[in-house]
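Colleague: Residue-level listing of the chains:
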Amino acid sequence: ETGVTQTPRHLVMGMTNKKSLKCEQHLGHNAMYWYKQSAKKPLELMFVYNFKEQTENNSVPSRFSPECPNSSHLFLHLHTLQPEDSALYLCASSHPVGGYGRNTEAFFGQGTRLTVV
Amino acid sequence: AQSVTQLDSQVPVFEEAPVELRCNYSSSVSVYLFWYVQYPNQGLQLLLKYLSGSTLVESINGFEAEFNKSQTSFHLRKPSVHISDTAEYFCAVTGGNDYKLSFGAGTTVTVRA
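Sequence order for the protein chains is A and B.
Under our numbering, the first residue of the first sequence is numbered 136, with each subsequent residue one higher.
Under our numbering, the first residue of the second sequence is numbered 193, with each subsequent residue one higher.
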């Protein structure tokens with residue numbers, strides 16, 4: 136148990152559905168991340184939030200919409216996805232920038248296995 | 193910006209044999225280096241880290257890694273692997289004021305009896 140909890144663990148959705156992934160951490164971290172992990176591909180950083188502000192969006196399609204209401208919670212809203220969006224979506228958290236890299240190890244959730252049909 | 197290259201995508205190894213996973217990084221600032229492990233259908237777990245001090249760091253389950261600044265490397269080693277070490281291993285780097293981790297592509301270790 137890493138202290139980062141993701142729900143649901145598994146999700147099957149149709150291309151016309153709307154669903155949300157949830158991530159929660161109570162580690163006192165202020166930076167939170169969404170990563171996409173597809174088979175045979177490197178980890179892709181999707182979004183970064185630092186103190187609830189989005190600081191990075193790595194050219195992610197608009198059918199993925201992140202939300203960070205507070206430093207402990209992060210959501211990924213999904214709509215009109217494509218089959219190629221099927222992947223493991225990982226949430227992570229860490230201490231924020233400014234610590235000269237100290238304590239910047241990221242803690243990961245177990246991931247949500249998403250299948251788009 | 194920092195980047196990481198993991199030189200081996202797949203490493204098959206027999207049980208009780210040693211294993212080495214290679215990781216090289218590039219950075220223009222001082223770096224902090226990490227190895228993560230991912231077991232099947234799980235998230236990533238921190239295995240060990242180098243922040244400062246001794247260049248040789250160890251994990252609780254027998255892995256060790258050595259930070260080599262001149263060779264810009266952070267190779268991971270274990271003298272005797274178990275079946276349970278079968279997993280994917282990721283090297284990661286951050287540095288300066290950049291708090292985001294940059295990950296390598298991963299190395300899949302398969303331990304056979």
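Keep in mind the hints are simulated off the structure, nothing from the lab.
Ideal Cβ positions, reconstructed from N, Cα and C, are used throughout, including at glycine.
Accuracy of the hints is not assured; some may be wrong.
[Stated by the list, open to error] To give an idea of the interface, some chain A residues facing chain B are shown, with a C-beta separation under 8 Å as derived from the structure:
(1) Val147
(2) Met148
(3) Ser173
(4) Pro177
(5) Leu180
(6) Met181
(7) Pro204
(8) Glu240
(9) Phe243
(10) Gly244
(11) Gln245
[Said to hold, decoys possible] Partner residues aside, some chain B positions facing chain A, computed with beta carbon under 8 Å:
(12) Thr197
(13) Leu199
(14) Phe226
(15) Gly235
(16) Leu236
(17) Gln237
(18) Lys241
(19) Lys292
(20) Leu293
Colleague: Each hint: holds or not?
Modeller: Now for the hints, and whether the structure bears them out:
| no. | hint | result |
| --- | --- | --- |
| 1 | Val147 | 15 Å, violated |
| 2 | Met148 | 19 Å, violated |
| 3 | Ser173 | 12 Å, violated |
| 4 | Pro177 | 4 Å, holds |
| 5 | Leu180 | 7 Å, holds |
| 6 | Met181 | 12 Å, violated |
| 7 | Pro204 | 21 Å, violated |
| 8 | Glu240 | 5 Å, holds |
| 9 | Phe243 | 4 Å, holds |
| 10 | Gly244 | 5 Å, holds |
| 11 | Gln245 | 5 Å, holds |
| 12 | Thr197 | 11 Å, violated |
| 13 | Leu199 | 14 Å, violated |
| 14 | Phe226 | 6 Å, holds |
| 15 | Gly235 | 4 Å, holds |
| 16 | Leu236 | 4 Å, holds |
| 17 | Gln237 | 7 Å, holds |
| 18 | Lys241 | 6 Å, holds |
| 19 | Lys292 | 6 Å, holds |
| 20 | Leu293 | 5 Å, holds |
Going through the hint list in order, the structure does not satisfy hints 1, 2, 3, 6, 7, 12, 13.
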